[in-house]
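There are 2 protein chains.
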Amino acid sequence: MWNQTKLTETLDIKFPIIQAGMAGGVTTSEIVASVSNAGALGSLGAGYMDPKEMQTLIQDIKQKTKHPFAVNVFVPETPKHNPEQIEKANKLLQPFLNDLAIKANDGEVPRVFEQQIDKIIEEQVPICSFTFGIPSKPVIDKLKEHHILLVGTATTVKEAILNEEAGMDAVVAQGSEAGGHRGTFDRPFENSMIGTMSLVPQTVDHVSIPVIAAGGIMDARGVIAALMLGAQGVQMGTAFVTSEESGAKKQHKEAITTSTEDATTVTTTFSGKPARGIDNQFIQEMRQHENILPDYPIQNTLTKGIRKAAAEQNKPHYMSLWAGQSPLLSQKTSATDLLLSIIKDTEVILTTFNNDS
Amino acid sequence: MWNQTKLTETLDIKFPIIQAGMAGGVTTSEIVASVSNAGALGSLGAGYMDPKEMQTLIQDIKQKTKHPFAVNVFVPETPKHNPEQIEKANKLLQPFLNDLAIKANDGEVPRVFEQQIDKIIEEQVPICSFTFGIPSKPVIDKLKEHHILLVGTATTVKEAILNEEAGMDAVVAQGSEAGGHRGTFDRPFENSMIGTMSLVPQTVDHVSIPVIAAGGIMDARGVIAALMLGAQGVQMGTAFVTSEESGAKKQHKEAITTSTEDATTVTTTFSGKPARGIDNQFIQEMRQHENILPDYPIQNTLTKGIRKAAAEQNKPHYMSLWAGQSPLLSQKTSATDLLLSIIKDTEVILTTFNNDS
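Protein chains in written order, with my numbering: chain D, 27 to 383; chain S, 27 to 383.
I should point out that these hints are in silico values taken from the structure, not numbers from a laboratory.
C-beta: ideal position from N, C-alpha, C; glycine also.
You may find that some hints are simply not true.
[Said to hold, decoys possible] Over 12 angstroms on every C-beta distance to chain S, these chain D residues come out as not near it, computed from the model: (1) 40; (2) 109; (3) 111; (4) 120; (5) 339.
[To be verified] Here are the simulated lysine-lysine pairs, DSS-like style, with alpha carbons at most 30 angstroms apart: (6) D:168 <-> D:92; (7) S:184 <-> D:341; (8) D:88 <-> D:276; (9) S:358 <-> S:88; (10) D:78 <-> D:106; (11) D:276 <-> S:184; (12) S:276 <-> S:78; (13) D:276 <-> D:341; (14) D:279 <-> D:341; (15) S:279 <-> S:330; (16) D:92 <-> D:370; (17) S:370 <-> D:32; (18) D:184 <-> S:341; (19) D:170 <-> D:88; (20) D:334 <-> D:279; (21) D:184 <-> S:279; (22) D:129 <-> D:279; (23) D:358 <-> S:184; (24) S:276 <-> D:184; (25) D:170 <-> D:90; (26) S:370 <-> S:276; (27) D:163 <-> D:32; (28) D:184 <-> S:358; (29) S:90 <-> S:40; (30) D:117 <-> D:129; (31) S:184 <-> D:279; (32) D:330 <-> D:279; (33) D:276 <-> D:330; (34) S:114 <-> S:341; (35) D:370 <-> S:32.
[As the list claims (entries may be wrong)] Okay, the calculated bits of chain S under chain D, using three or more residues with CB under 8 angstroms as the criterion: (36) 182-196; (37) 350-358.
The whole structure should be built from the sequences, with the hints applied where relevant.
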């Protein structure tokens, strides 16, 4: 059967489909539980989240599903906190702050990672996934001691190999089509903008852990194509952003469902790290300053108020409208119905195919 | 059967695999005939070619195969011939010219397109494919009157629609993974860097002519994945560059077979149009001047001598080493053996899959 792979066995899920752990409030406890209850794997995107808030959400999810789910965390970096650079960045952001009538942020970023890991262990979360790198050996060892399965993110073959060497149980191969932040950690991101069609088979040939394809996959066609490339499962982000249970802002959902395949761009202007989203006025005006903006996560903190106020004041041209390159395949439906239709379509395509050949 | 699609019926070929019509001497009459004799579609890349030279090659191909083949031509543009800009560009190229001990080129570009079309009609070439745009209605009408099938190139959904509207019989959807020149003609190429996994299903949903997937496809996995995305066939370029019958320079073949998936970049430095190749010294040193270089095809003419002398003097760091993002899947074999193994592997994968499900 198409859905019985080493990945589904390892993660104890029925269908090899993972809802990406998108940060920024998209992954409500409802969407995570809906996806896991449908037999796929829901993920809480805890990236920037306060550890206590994260714990409450995990407890919510556990109330709503008895099936495995994942929590996604961001491997921390130690950014250079340069007050002069922050002042300069805030000056560049001033027109947006003015237009939204809000104050600048001081760029202080609380470190949450270690506490997040403790909460994940305390709550016995079945699966922990990582973005922006590989955690230290002590962190990996601690999670493994508690029988928590680990899933890493790679954007090159080398990053996938590093994930396997570090002891990950599976690795997401994130193609350049993917929406939101690039998981790149090993080299300049420009070199790591490799399309899913290229990245997946080359990765599969060089690691022995299950590879999860991500980037551009929105429907049954993408799921089967990814499996044919050698992936054991897929991770879908944008497809779930527009679902009813998603916590994405309504302007974000609307922007995706009305977008076209050529409307996205990769920008560091919102967070200091490259991410793919729908091009808009904020990105266009800040693009020329990309080289002088503070590193992630400082820039992310500086623009936090802008993004929030822009949503409240219905100014999507200042929002981070993360999206992959397949918006024409997006749907307004529930996450459950999306999954059910993908599973049904997958079976229809495969049956038709079997009968034909 | 997997190989019976509307595309194979239209083009009268046995397997839905097209060897891309790469310019620059890669597509010898041997490789075109080998591919067509194996039941796929060989293409002569006549892009920059003198019409007489093209005619001789077409006659060679017709001697070597009775099966359909294609000739690929470049839809011409009228570049601004600015002597001052050419002088400036040649000044920037001077260090390379000096190192190779060759003279600068005056940037005069003969217009070959109309004569190429006449020769294609005269030789009754079965299929004519286009890159860099859509030819004028009179050209299309003339080719159609002579029952020549037409295949266009698109890098966005909109470009595919424009191809269908112009009367193309099929369209290549060229994903961002693809090596060599981007076929983009409708907007800035940055917006048209869409991964194959995203581009193919979205294109299939918006045109009724057969879609041919290109970009990152090197083996049976890629062929099946493309078909599952809704493509009716694939076009492969890089996979054939390294084959024995290919006329690619030995340094070019060697660069691909020893490359990695993250080693390519998209550059306009060689030709004035964006193209994907293995990053090297020439690209790195000229990148900063990209904005002031003459348009295609003038820049292409200016660097012609450099590329030729670099190959002769074994200086691959000055050569245009066009390659897609899947070099780890490249093979040193004959084009015939490559095709036979892809066809065999495709059938093995599908049989295994059928038995499993």
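The hints, checked one at a time:
no.: 1; hint: 40; in the structure: holds, 15 angstroms
no.: 2; hint: 109; in the structure: holds, 32 angstroms
no.: 3; hint: 111; in the structure: holds, 24 angstroms
no.: 4; hint: 120; in the structure: holds, 28 angstroms
no.: 5; hint: 339; in the structure: holds, 28 angstroms
no.: 6; hint: D:168 <-> D:92; in the structure: holds, 24 angstroms
no.: 7; hint: S:184 <-> D:341; in the structure: holds, 28 angstroms
no.: 8; hint: D:88 <-> D:276; in the structure: holds, 26 angstroms
no.: 9; hint: S:358 <-> S:88; in the structure: holds, 26 angstroms
no.: 10; hint: D:78 <-> D:106; in the structure: holds, 26 angstroms
no.: 11; hint: D:276 <-> S:184; in the structure: holds, 27 angstroms
no.: 12; hint: S:276 <-> S:78; in the structure: holds, 26 angstroms
no.: 13; hint: D:276 <-> D:341; in the structure: holds, 11 angstroms
no.: 14; hint: D:279 <-> D:341; in the structure: holds, 14 angstroms
no.: 15; hint: S:279 <-> S:330; in the structure: holds, 19 angstroms
no.: 16; hint: D:92 <-> D:370; in the structure: holds, 23 angstroms
no.: 17; hint: S:370 <-> D:32; in the structure: holds, 25 angstroms
no.: 18; hint: D:184 <-> S:341; in the structure: holds, 28 angstroms
no.: 19; hint: D:170 <-> D:88; in the structure: holds, 20 angstroms
no.: 20; hint: D:334 <-> D:279; in the structure: holds, 15 angstroms
no.: 21; hint: D:184 <-> S:279; in the structure: holds, 23 angstroms
no.: 22; hint: D:129 <-> D:279; in the structure: holds, 27 angstroms
no.: 23; hint: D:358 <-> S:184; in the structure: holds, 23 angstroms
no.: 24; hint: S:276 <-> D:184; in the structure: holds, 27 angstroms
no.: 25; hint: D:170 <-> D:90; in the structure: holds, 25 angstroms
no.: 26; hint: S:370 <-> S:276; in the structure: holds, 28 angstroms
no.: 27; hint: D:163 <-> D:32; in the structure: holds, 25 angstroms
no.: 28; hint: D:184 <-> S:358; in the structure: holds, 23 angstroms
no.: 29; hint: S:90 <-> S:40; in the structure: holds, 18 angstroms
no.: 30; hint: D:117 <-> D:129; in the structure: holds, 11 angstroms
no.: 31; hint: S:184 <-> D:279; in the structure: holds, 23 angstroms
no.: 32; hint: D:330 <-> D:279; in the structure: holds, 19 angstroms
no.: 33; hint: D:276 <-> D:330; in the structure: holds, 18 angstroms
no.: 34; hint: S:114 <-> S:341; in the structure: holds, 24 angstroms
no.: 35; hint: D:370 <-> S:32; in the structure: holds, 25 angstroms
no.: 36; hint: 182-196; in the structure: holds (count 3)
no.: 37; hint: 350-358; in the structure: holds (count 5)
Figure legend: structure checked against the earlier numbered hints; every hint is met.
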